[in-house]
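> Below, each chain spelled out in residue letters.
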Amino acid sequence: MTEPAGPSDTTAARRLDGNAAAGALADLFAVDVTTARSRCPSCGKTSMLGAHHLYADAPALVLRCPHCTDVVLRYATQQGRILLDLRARLLTIPAPAPANESNGA
Amino acid sequence: MSVLSRGFRRGRSQERSDGRLPPGQYDAGDGFPVLSAGPTPSTPLDRWDLTVHDETGERHRWSWEEFRVLPREAVSVDIHCVTTWSKFDTRWEGVSLDTLLQDAPTTARFVLAGSDGGYTTNLPLDDVTGGRAWVVDTYDGRPLAPEHGGPARLLVPHLYFWKSAKWVRRLTLLPHDRPGFWETFGYHNHGDPWLEQRYSGD
Amino acid sequence: MAGTALQRRLTWLTAQVRDNRSESPSVHRLVLDVPGWPGHRAGQHVVVRLTAEDGYTAQRSYSLASPPEEPDLHLLVARLDGGEVSPYLTDELRADDQVELRGPIGGFFVWSAAADRRDAQEGRRPVQLVAGGSGVAPFAAMLDHHRRTGSPTRLRLLYSASTQEEILARDVLGPETTVTLTRGVPAGWSGEAGRIDADMLRRRTFPPDEDPRIFVCGATMFAEAVSSSLLDLGHSPSSIRIERYGSSGEPS
Ligand SMILES: Cc1cc2nc3c(=O)[nH]c(=O)nc-3n(C[C@H](O)[C@H](O)[C@H](O)COP(=O)(O)OP(=O)(O)OC[C@H]3O[C@@H](n4cnc5c(N)ncnc54)[C@H](O)[C@@H]3O)c2cc1C
Ligand SMILES: [Zn+2]
Chain A
1 MTEPAGPSDT TAARRLDGNA AAGALADLFA VDVTTARSRC PSCGKTSMLG
51 AHHLYADAPA LVLRCPHCTD VVLRYATQQG RILLDLRARL LTIPAPAPAN
101 ESNGA
Chain B
1 MSVLSRGFRR GRSQERSDGR LPPGQYDAGD GFPVLSAGPT PSTPLDRWDL
51 TVHDETGERH RWSWEEFRVL PREAVSVDIH CVTTWSKFDT RWEGVSLDTL
101 LQDAPTTARF VLAGSDGGYT TNLPLDDVTG GRAWVVDTYD GRPLAPEHGG
151 PARLLVPHLY FWKSAKWVRR LTLLPHDRPG FWETFGYHNH GDPWLEQRYS
201 GD
Chain C
1 MAGTALQRRL TWLTAQVRDN RSESPSVHRL VLDVPGWPGH RAGQHVVVRL
51 TAEDGYTAQR SYSLASPPEE PDLHLLVARL DGGEVSPYLT DELRADDQVE
101 LRGPIGGFFV WSAAADRRDA QEGRRPVQLV AGGSGVAPFA AMLDHHRRTG
151 SPTRLRLLYS ASTQEEILAR DVLGPETTVT LTRGVPAGWS GEAGRIDADM
201 LRRRTFPPDE DPRIFVCGAT MFAEAVSSSL LDLGHSPSSI RIERYGSSGE
251 PS
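Residue numbers (the UniProt record's numbering), protein chains in the order written: chain A, 1 to 105; chain B, 1 to 202; chain C, 1 to 252.
A hint or two may mislead.
[Claimed, not checked] Each pair of labels, with its calculated beta carbon distance range:
id	chain 1	residue 1	chain 2	residue 2	range
1	A	Leu90	C	Gly150	49 to 57 Å
2	C	Asp197	B	Gly118	30 to 38 Å
3	B	Thr51	C	Asp81	41 to 49 Å
Just so you know, the hints here were simulated from the structure itself, not pulled from any lab data.
A virtual CB, placed ideally from N, CA and C, is assigned to each residue, including glycine.
Modelling step: build the complete structure from the supplied sequences, incorporating the hints.
Right, dumping it as structure tokens:
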């Protein structure tokens, strides 16, 4: 019973990375935010959104800080609306490159 | 205009026609999906406690040993997750909230449940008293697994399952409602599966 | 890292299945023709959507296993018994069927020869890839892209497969690749055997003092084990990028 949540923990085995949320977030942002650096509202540490922890089984996508595991972003689509709870204290996004470099290459 | 995938069906679902399936739900059968918005906390039992608070502070505290000797009940209920799976005849054991909230102040009308890991969910006192809610530590005759909310979780089977907070540690009695983790994020404040109260505005 | 690309609005595209062939006992290679495909970078993924007759839909992510230079899109899909989507993709989908997808997705887990040319300092850092099972898919795209562009970037792959038959993307694996087999080796096997651990990483990957850019891809528990070994070896967390696929449905 006291057995800690270890390797048999389904939740741990199903955790993804922020990069896997890029498709959903593309409905909102004109740039890919997975390479944006985000400062955590709780611990103040900075890391790329793509390197955050993603929990995708919940009723919404929940992104958590990889350092302190606090919630940084929640995203859901419900009946024709998009909900975004962006708690990150600061998002630093690399400025878009000229359009002709956008893909390929 | 979407492309149909010939022969594709929803996985792990079963038909059910006995009127026990709320609208928009499917029967998950033997499966017990794990839906988590965060890592599974692990609090050793010697540091675990359950507390009841009101606005002025702590009213009750039970250590694990103290909690385990409170009067217990066994229940068999159907549970309904807002992500559309339902599971039938699930068997739990634990302590009724009628026991835990026995001497609630007369001003209290709502409960905010708080869990290890920071999760919260809000409930009207009327929904968790009168034999309708429990703090359970046993599922199907065995200690509740951490991924399903162990050592102990709330069980409020007549509402969507997000109201049945996993890893519950604290019940706060309030005169006013205070929306929790999902209730502040577009999910319905009450969450009755038979009225299909999934999202705010439903 | 190069500047972020302005992304086209992602829309659902209709892919025509050109071929769906077995790549290994548990993995199929889907070859898709996607009219309107805007191009991609090696390492990116797509989301595939299936729609049942009753309107129910399911979506799953799959890495692009083909390089940007190749007009068809290739996916390497592992059949997860009891899974909702993967057995349909491997066993039901036929040539000439259609399937919906959107992409390309994700700028975090990419490597591009052009970006290394633009950013000489970054381009001097070698690239270390570490794959488990179908997690080799994005690296198949990177290896092929590396070869076709004649990129000078130094690149290595350490790849864990269960058996010799389960080695995927053989056509793009070259001398840069070390394969380790976790469930027994055939006679005469010259590669590694057993799970990837700190010792194998020390012997078979770029060491921390070469400051490699490291990409790890595979089932979540695999990626977890590899990344913690890499940290133990002294690689900095910021040099490691991870693409977790979720649960593999088997003890990893
Ligand atoms: C960015 C990204 C890229 C990917 N690329 C590839 C790729 O190139 N190739 C590839 O083969 N795969 C890839 N995957 C994995 C892929 O997206 C699917 O997860 C995989 O194909 C399994 O899908 P499924 O529908 O068959 O299985 P599912 O039906 O999703 O089941 C998967 C497993 O999880 C269990 N499970 C499902 N839901 C729950 C739940 N709620 N609680 C507990 N257990 C549950 C199931 O029993 C099963 O064991 C990628 C994933 C990501 C995030
Ligand atoms: Zn933090």
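> Work down the list of hints and note, for each, if the structure agrees.
Verification of the supplied hints:
Judged by the Cβ atoms, the range 49 to 57 Å given for Leu90 (chain A) and Gly150 (chain C) is violated: they are separated by roughly 40 Å. Distance hint check for Asp197 (chain C) and Gly118 (chain B): the Cβ-Cβ separation is about 34 Å, which falls inside the suggested range of 30 to 38 Å. Taken as a hint, the range 41 to 49 Å holds for the pair Thr51 (chain B) and Asp81 (chain C), whose Cβ atoms sit roughly 45 Å apart.
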